[in-house]
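Chains as they are written, first to last, in our numbering: chain B, 29 to 414; chain Z, 751 to 1229.
Rather than coming from a laboratory, the hints here were simulated on the basis of the structure.
Be careful, since some hints might not be right.
To be verified - In silico EDC-like links for lysine to aspartate or glutamate, alpha-carbon gap of 16 Å or less:
hint: 1; chain 1: B; residue 1: Lys30; chain 2: Z; residue 2: Glu778
hint: 2; chain 1: Z; residue 1: Lys1072; chain 2: Z; residue 2: Glu1013
hint: 3; chain 1: Z; residue 1: Lys1085; chain 2: B; residue 2: Asp42
hint: 4; chain 1: Z; residue 1: Lys759; chain 2: Z; residue 2: Asp816
hint: 5; chain 1: B; residue 1: Lys303; chain 2: B; residue 2: Asp364
hint: 6; chain 1: B; residue 1: Lys77; chain 2: Z; residue 2: Glu1159
hint: 7; chain 1: Z; residue 1: Lys845; chain 2: B; residue 2: Asp364
hint: 8; chain 1: Z; residue 1: Lys1099; chain 2: Z; residue 2: Asp1198
hint: 9; chain 1: Z; residue 1: Lys1085; chain 2: B; residue 2: Asp35
hint: 10; chain 1: B; residue 1: Lys77; chain 2: Z; residue 2: Asp983
hint: 11; chain 1: Z; residue 1: Lys1072; chain 2: B; residue 2: Glu103
hint: 12; chain 1: B; residue 1: Lys30; chain 2: Z; residue 2: Glu1138
hint: 13; chain 1: B; residue 1: Lys30; chain 2: B; residue 2: Glu103
hint: 14; chain 1: Z; residue 1: Lys1106; chain 2: Z; residue 2: Glu1159
hint: 15; chain 1: B; residue 1: Lys77; chain 2: Z; residue 2: Asp776
hint: 16; chain 1: Z; residue 1: Lys845; chain 2: B; residue 2: Glu64
hint: 17; chain 1: Z; residue 1: Lys1072; chain 2: B; residue 2: Asp344
Claimed, not checked - Taking CB as the label site, the calculated pair distances span:
hint: 18; chain 1: Z; residue 1: Pro966; chain 2: B; residue 2: Thr140; range: 52 to 60 Å
hint: 19; chain 1: B; residue 1: Phe357; chain 2: Z; residue 2: Asp933; range: 47 to 55 Å
hint: 20; chain 1: B; residue 1: Pro37; chain 2: Z; residue 2: Pro966; range: 48 to 56 Å
hint: 21; chain 1: Z; residue 1: Leu877; chain 2: B; residue 2: Ser171; range: 55 to 63 Å
hint: 22; chain 1: Z; residue 1: Gly1038; chain 2: B; residue 2: Glu302; range: 43 to 51 Å
hint: 23; chain 1: B; residue 1: Gly396; chain 2: Z; residue 2: Ser766; range: 38 to 46 Å
hint: 24; chain 1: B; residue 1: Glu41; chain 2: Z; residue 2: Thr935; range: 52 to 60 Å
hint: 25; chain 1: B; residue 1: Gly252; chain 2: Z; residue 2: Asn967; range: 32 to 40 Å
hint: 26; chain 1: B; residue 1: Arg245; chain 2: Z; residue 2: Lys754; range: 53 to 61 Å
Positions of the beta carbon are idealized from the N, C-alpha and C atoms, including for glycine.
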Amino acid sequence: MKNVPIDLPIPTEDLVSCVSCGLCLPHCPTYRVTQEESASPRGRIALMKQAHHDGVVDDEFVEFMDTCIQCRGCETACPAGVQFGSMMETTREALATQTRYQPWWARLGYRTLGWQKALRAGSALIALLQRFRLVPQKLGLPSIPIIQRPLVSSGNDVWLFTGCIMDAWMRDTHRAVQRVLESTGAGIAFPDKRANCCGALHVHAGLAPEARRLALRTMQAFPGDAPILVDSAGCGAQLKDYGHLLDSDAAREFSERVLDVHEWLAQRLDDLPEKTGLSPRIVVQDPCHLRHVQRAHESVYQVLGRYVEAVSLDDDGLCCGAGGAYSTFHPQIASDVRDRKIRAIEEIQAEEVASANPGCLLHLRSGGLEVRHPLEIVDGLIKKDE
Amino acid sequence: MVHKSADKKLLSELRSFLGDRARDGDFELGLYAKDGSVLKGDPMIVCLPTSTEEVQQIILACRRYDRPFLARGSGTGLAGGAVPVGDPVVIATAKMNKILDIDIDNRIAWVEPGVLNLDLSRELSPLGFHFAPDPSSQQVCSIGGNVANNSGGPHCLAYGVTSAHVAAIEVVLPDGRVALLGDLTAESPGYDLRGLFIGSEGTMGVATKVAVRLTPNPPEVRTLLLDFADVRDGAAAVSSIIANGLIPAALEMMDQRAIEIVEAFVNAGYPTEADAVLLVELDGLPGGVEHGVEVVRAVANRHQVGSVRVAADDAERALLWKGRKNAFGAVARIKPDYYLHDTVVPRGKLVEVLEKVYQIADAYDLIAVNVFHAGDGNLHPILAYDSEEKGVLERVQAAGRAIVTASIEAGGVLSGEHGIGLEKRDYMGMLFSAHDMATQDLVREAFDPDGFANPLKVLPSGSRCSDSFGQHVPDGAWV
Ligand SMILES: Cc1cc2nc3c(=O)[nH]c(=O)nc-3n(C[C@H](O)[C@H](O)[C@H](O)COP(=O)(O)OP(=O)(O)OC[C@H]3O[C@@H](n4cnc5c(N)ncnc54)[C@H](O)[C@@H]3O)c2cc1C
Ligand code: SF4
Ligand code: SF4
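From just these sequences and the hints, can you work out the full model?
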């Protein structure tokens, strides 16, 4: 597409808040692997400024925006406090609503995520193919059960959010998280199927209207005022953003109730079972949506540190390249970014990797690493002790 | 996009060996129009070479089509050195980012120019070494840019600026020849062409490989934060510390506004009510460092220090430095644009010049923020403004000129470390006579007689003609 008119509704004060100092560049995964100004936060903001001013975009512009992983590492690095995430979301929404960005098949794919029957059917098919070894190992998919055992609520002290892909593919992780939460004496409630997609991937893709629809539906699945715990950093970040996405008091109140599971546990360390036995050495990969968006990654070390020797990476929390659906659409950049992460991980001699986000976990596994959710590791150690 | 047929031919020639690494997309060109300064230019084509040979081929092609060229590192320069004027081809070194060889025995590392300063030090750290120049932009600025600007940083007070840490440079000269300037011995005979190239801001060719000297990491480091209720006491303490025979590794100062914006970013516990803080770092053998800490304490007490905080561990040290090193960017928390000077004044005149800076800012109705390398008297007065405001650019320029005048009158110089580039070019006449500048132009001409390399920078055009002063940065370049 060539010179398509666009109205980019980013507030001018946000656009000019970038002083182009470049301090964010080394913290941007796509700049790191390309060394291209157009794949850097500073470059992308300059492009937004230009499109905002000229009122036209072309394929080149769309590509530069589309290669952003939306990890928001640049926000943590930026001394000027530039709100990159919301600027990128606004840009993508404008592209998706005003241009041919996001073709029908991509939109259909995103739709499936919030449509439990279709997601289940698709997952069952993958499960079947896995039994016949027709799914390549390198995709790093977990072994998906053909028939899913349901999750069983054990009380109503806290909610545990279940989500779409994670619930379909990694329900055992939810079970492990449930056991760890219960070990503190809490009773866990699971939401009904209205909570089967938070809409994070839709927001990232620029499909904000769909995301708003999913958000309204999700909120209905959590009556009362019990805390809503999330064991997927990406979903947690999204649920915490409902206040902003829907701009309503109800949504803001809802977001206030949301906590990453580790945040909640870190406030109750003494209620967790004592540690006995050896502490394995575990490398912790900080998911961007926990570190740069929720800014709650320290809680993982607090919880995990009770049971293992939790080692952090020396890479300023640079993204691993998963980025929700990103690795599907940009496999090359995603794997180049992952290679950097794998090198950083391999420099540390450790037994295993812990990642608090299912997307990162699967992406790193498909790079050949052994990765589990931090609370699956904790669950294993607690059980051994019993 | 290139339109003229000669430029189209140049582009297709560049593409014949660079492939898609020669760019002319409208959106993309815009990304190479600016650096960290307030100026904006217009690149003709952007090239992203990956080897010395490619840089050489680009320069030869430019010459054939009579196009100037311009090297660009990470684009963090604060004087417009990498801002393309005169429709040049931009040679961006970002993809030349390999550390080629680390030779611990001889304490030398050969690196490509696009290697980021902090990446190099991080790579060296497990071996017990680092690259000493540490500009506050160190996480992103390139070694090539450091060489071209002869950059300094907080720790250059004790260790010296870039020229003290570069042994040799491979350059592609403006006529396309490849030359090695300097060598790896301590004293080399003949003219120091390496020294001449360092600080030449891209006007003498493109550095394609740099042999940097490695500095051993100090066995012991202590970082102190001193706060003062009066900026004058802080400035006086700076002079006393040095007068007491101590050369700290770093001695930095921030004024009240700087403290406030920095603290909002890092939450390091900087005292936001203080009028000024000093960040003092001492390094060396443990005994010497402990003694230094006591000297600093005693001096600070004599100058009415509020409190002395000694960073307890590496994490706390890192956090304090993170604050200092992000100060320029954090200025955007006050106003979206900033214009920054880089004058150096004798340490004894710090208080006097600082007061003038505040008076000048007040007179032009601007906000001044001061965060600077106090130990060597290198001021960085920042004028924060909003370019959308009508008539503000004239005020900023006039205030800038007044600040430079005040610094030079106090016995200072125009630039400590950021270079002259485009932004400070027209001030050169305030410091140098026409004769001085004509001589400098002769040196430049010896490297680049036809004016292909980074044209219109550093020296006012026609410096060899007598009346050059008063020529201005091209209209519309200010953004
Ligand atoms: C937040 C911030 C803090 C800063 N702090 C400091 C500081 O403490 N001390 C300091 O000295 N500076 C500082 N600077 C200025 C700047 O970072 C330095 O001048 C740095 O060395 C520039 O490097 P660069 O790679 O960004 O170069 P660029 O800005 O890309 O280029 C700078 C100049 O070098 C030339 N050049 C670049 N590469 C080459 C090459 N390979 N061969 C020949 N010429 C080349 C360019 O033509 C240009 O003239 C700061 C800047 C910012 C934004
Ligand atoms: S986003 Fe922030 S860190 Fe990056 S260039 Fe802009 S102001 Fe600097
Ligand atoms: S969100 Fe991540 S990928 Fe996108 S510009 Fe920022 S740092 Fe780069």
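query: Which of the listed hints are not met by the structure?
result: 5, 6, 8, 9, 10, 12, 13, 21 and 25
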